[in-house]
Structures are given as C-alpha cells and as structure tokens.
Amino acid sequence: MKTIMIHPLAGAFAENKDVARDLRISELLPALEKKEDIILDFSGVDAVTQSFIHALISDLIRKHGPEVLDHLEFKSCNDTIKKIITIVVDYMQEGGPA
Amino acid sequence: MGLFKMLRIPSDTTIREHEPAGRFIPLTQIRTSAELTSFITEMIPLLHLEAEQAKTLGYIVSELVRNVIEHSESSDGAILCAQYYKKSNSIRIGIADTGVGIKTTITRSHRAATDLDAIRLALMPGITGTTQREGGTAQNAGAGLFFIKSIANVNRDFFVVYSGNGFYKLLKKTASRNLRLHADPFADRHTTDGAMPSWRGTVVGVDITLDQTEGFSRLLDAIRETYGSAVRDRRKERYKRPRFS
Chain A
1 MKTIMIHPLA
11 GAFAENKDVA
21 RDLRISELLP
31 ALEKKEDIIL
41 DFSGVDAVTQ
51 SFIHALISDL
61 IRKHGPEVLD
71 HLEFKSCNDT
81 IKKIITIVVD
91 YMQEGGPA
Chain B
1 MGLFKMLRIP
11 SDTTIREHEP
21 AGRFIPLTQI
31 RTSAELTSFI
41 TEMIPLLHLE
51 AEQAKTLGYI
61 VSELVRNVIE
71 HSESSDGAIL
81 CAQYYKKSNS
91 IRIGIADTGV
101 GIKTTITRSH
111 RAATDLDAIR
121 LALMPGITGT
131 TQREGGTAQN
141 AGAGLFFIKS
151 IANVNRDFFV
161 VYSGNGFYKL
171 LKKTASRNLR
181 LHADPFADRH
191 TTDGAMPSWR
201 GTVVGVDITL
211 DQTEGFSRLL
221 DAIRETYGSA
231 VRDRRKERYK
241 RPRFS
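Chains as they are written, first to last, in the working numbering: chain A, 1 to 98; chain B, 1 to 245.
No lab work stands behind these hints, which were simulated from the structure alone. Careful: at least some of the hints might be erroneous.
[As the list claims (entries may be wrong)] For lysine to any residue, the following SDA-like pairs were computed, each having C-alpha atoms within a straight-line distance of at most 25 Å:
#1 A:Lys-82 to B:Glu-225
#2 A:Lys-83 to B:Arg-133
#3 B:Lys-55 to A:Asp-18
#4 B:Lys-169 to B:Arg-200
#5 B:Lys-55 to A:Gly-44
#6 B:Lys-236 to A:Val-89
#7 A:Lys-34 to A:Met-5
[Stated by the list, open to error] To give a feel for the contact side, a few chain A residues facing chain B, derived at Cβ under 8 Å:
#8 Glu-15
#9 Asn-16
#10 Asp-18
#11 Gln-50
#12 His-54
#13 Arg-62
#14 Asp-79
#15 Ile-84
#16 Met-92
[As the list claims (entries may be wrong)] Not the full set, but computed from the structure, chain B residues with beta-carbon under 10 Å of chain A:
#17 Ala-34
#18 Tyr-59
#19 Gln-139
#20 Leu-220
#21 Arg-224
#22 Ala-230
#23 Arg-235
Backbone N, C-alpha and C fix where the C-beta goes; we use that ideal spot for every residue, glycine too.
Use the sequences and the hints to build the structure in full.
Now the structure itself:
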C-alpha cells in the first residue's frame, strides 16, 4: 500500500496539471503496474480543478480500465473534491452509471 | 490597470495609479504554468474576497489561463485583468491571447466551418481539439470552458467568448430554482455574431456577481448530470448497428 499526500505537491488549491501529470507518470502508473494499492490523500487540499483530477487519474482508467479504481482510494476529500473526482470517473466510463 | 505600461507606449497623460488591493488585478501577463500557480496564490487574495468566492475566481482563472498556455501557441501567453465593482458587488475578469484561435485548435480533431461553429464545439463538454476520442487525452478532457460557462450560467452572469470572427455571449438568466445546464451552448439564452472584426486569438470575459454565487457543490451535481448525458448521447450517435441482409 502506497500513500501519496497531494497537499505538499499541489498546495491547498490543486490546479497545476503539470504536477498531476508528473505524479501520474512517476508514482501512480509504476505502482499500478506492480498491482500495488494506492491511497491519494487530499488532507489540507481545499479545492481542485477538474483539469487537475483529469490529468491525475484519467489515463490510469484508460490504460488499466475501470478496475484500476479497485486499487485507488481517495482519502480526506471534501464534498466538492469528491464530486469533481466523480465527474471525471463518470466521463471516463462513458457517461457514468446507467 | 497599466495598459500603457503593458504596451510599452509612452504617454503624456498623467495617470494616477490606484492601489489595487481590494479593487482590481492590473493587467498581468502569464506565460507558464509556474507563473499561473504563483499568480493564483499571490494575486487573488488581493481582492479580499470571501473564501468561497476566491475559490470560484481561482478556478476560473486557472482553467482559462491553462487553456491559453496549452492551446494558444502564443509566445505572449495570457493577458488578464480583473476588477471589483462595488455597486453591483461583482467581479469582471478578462483573459485574452494572440494565439492561433479556437477554430485552428478545434478543427485538428473536429469539423467546424466557421469561428462560431468552433466556439460552439469548444463550449460543449468533452470536446477538445487534441483528440476525437471520448474522455480526451491524458492531459485534456475538453471540459474547462463548459465548467466556466456553467459557473456563469448557474450564477446568472455574463460570459463571452470571442475568437476570429466569432462571438458568443451567454445572457443573464432570470432567477430560477432549476439548475438545469445545457451541453449545447446554443440551447442557453445567448446571442452570437459570426462577422465580428477578426481577433487573432481568443478573448474570454466572465462577470461574477458575488452576492448570488451558488454553492459550487450544487453546481457540480448539475455539471455531472449534464456531462454524463452529453457523453451518453454522443455514444449513442456513434453506435453502429450490424447490417443484416
């Protein structure tokens, strides 16, 4: 189990997509390829943009399928962060649950 | 705002500079992702907004300026400014670039005969110039402008996009409990002009009326619903039935 703290990397307003991309490429994809479970900890993050979350997780879902969500846990997200993550997860699965 | 300073044009007119704190963000040029992050951290607090309002403004600035940095191909980056109007308790933000314009980027992956057609596509959720694929690329979803238009729509504010000869203006809505959003910007109350003097690049303007800012969380529910149904509709359009004879 690998825990990644978002706040030290992206700050209280996580909007920098370059940070999200670097995290995805250097940490998330290699861990998932080793079938490792990951906790993305949003403690201290007040807000995120949809673009940040897209850059962080959309490619994981595309490359590994929706099953990747069984290996990802989003921790300490406030209500709006949860909703933005859900929007991205929905459209990456072709429009969300039927 | 510092227009003459920004344009490096000497002026004989005496200009009394106001203290920006609490009033405006002067004309600012942002070329890189790091400059944007530092702008959001340092400048937006100068407007002395409440936390929720600052978040909304930060969100809008981040998404719009990142669009410029990623898509405009302009070495000048984004030029933006914002002003607080006490009487209407609103903030007006303008972001402009002198890049390739929306039509050039959108038509790399989609068909658009005019600048206005391109603006219409760019405002639809899930349409990006970087790919035809649903869900976008690893870095681009094609959702940024739809989110900004939705924020303006729900708060009954103005929102304009001007690129090439095309101009789209979302008109103020009357108060309504209904939080329904439209994936197609032409289904919203709007005006358009397809024969504007050509602007080489893109300009986006948003007014945010602060005392009627809807909860961002409620807005996200509406965005999720509209986005999901837009993606499902496109999936249906693409679906091919087998032909039997």
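Here's how the hints hold up against the structure:
no.: 1; hint: A:Lys-82 to B:Glu-225; verdict: 15 Å, holds
no.: 2; hint: A:Lys-83 to B:Arg-133; verdict: 23 Å, holds
no.: 3; hint: B:Lys-55 to A:Asp-18; verdict: 20 Å, holds
no.: 4; hint: B:Lys-169 to B:Arg-200; verdict: 18 Å, holds
no.: 5; hint: B:Lys-55 to A:Gly-44; verdict: 15 Å, holds
no.: 6; hint: B:Lys-236 to A:Val-89; verdict: 19 Å, holds
no.: 7; hint: A:Lys-34 to A:Met-5; verdict: 20 Å, holds
no.: 8; hint: Glu-15; verdict: 4 Å, holds
no.: 9; hint: Asn-16; verdict: 5 Å, holds
no.: 10; hint: Asp-18; verdict: 5 Å, holds
no.: 11; hint: Gln-50; verdict: 5 Å, holds
no.: 12; hint: His-54; verdict: 4 Å, holds
no.: 13; hint: Arg-62; verdict: 7 Å, holds
no.: 14; hint: Asp-79; verdict: 5 Å, holds
no.: 15; hint: Ile-84; verdict: 6 Å, holds
no.: 16; hint: Met-92; verdict: 5 Å, holds
no.: 17; hint: Ala-34; verdict: 8 Å, holds
no.: 18; hint: Tyr-59; verdict: 6 Å, holds
no.: 19; hint: Gln-139; verdict: 5 Å, holds
no.: 20; hint: Leu-220; verdict: 4 Å, holds
no.: 21; hint: Arg-224; verdict: 5 Å, holds
no.: 22; hint: Ala-230; verdict: 8 Å, holds
no.: 23; hint: Arg-235; verdict: 5 Å, holds
Hint violations for this structure: none, all hints satisfied.
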